[in-house]
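Spelled out from the first residue to the last, the chains are:
Number of protein chains: 2
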Amino acid sequence: MKKAVFYHAGCPVCVQAEDTVAKSLDAGRFDVEFVHLGEERSRIDEAEKLGVESVPALVIDGQPFHINFGASMKDVRG
Amino acid sequence: MKKAVFYHAGCPVCVQAEDTVAKSLDAGRFDVEFVHLGEERSRIDEAEKLGVESVPALVIDGQPFHINFGASMKDVRG
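First to last, the sequence lines map onto chains H and E.
Count the first sequence with this note's numbering and you get residues 1 to 78, in order.
Count the second sequence with this note's numbering and you get residues 1 to 78, in order.
If you are wondering where the hints come from, they were derived from the structure by calculation, not from laboratory data.
Worth double-checking, as some hints may not be accurate.
Since copy identity is lost for identical chains, a pair holds within one copy or between any two.
Stated by the list, open to error - Once the Cα atoms are required to be at most 27 Å apart in a straight line, the calculated DSS-like pairs of lysine-lysine come out as:
#1 K49 - K2
#2 K49 - K74
#3 K49 - K23
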């Protein structure tokens, strides 16, 4: 089982990507964790270290995939 | 079965998104078509009508999701 992490900030673009892309991954192959960076601010550093520059972003196998554009990490950090 | 279309142009960013994201969709729920716009140029109009602005992009349920950035549609059109 591979690990995938979906980082978001609750924005409309994030919700659309979560519902339509992140939740469409094969649950038989991926264990998907959903992280709301506005609520779990202690994980902002972790996301940035993984290369996340904006949300929503999906990290699979350590590779960041930015899906459309909701907010920059600078805005998430506030 | 829902239809998903992954539009790309064979670029490195496209290949990475294809291998890691598009091929990770649940095959039990999605019928994923892979379209290389450099080879199937007649489908560029279709992609743009669906809202695709750059590749790689994944269209699910008529909603375009741009995954990272490989090339603009303007560059694809050439």
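Here is what the structure says about each hint:
1. K49 - K2: within (19 Å within a copy, 35 Å between copies)
2. K49 - K74: within (14 Å within a copy, 32 Å between copies)
3. K49 - K23: Both, since 24 Å and 25 Å are each at most 27 Å.
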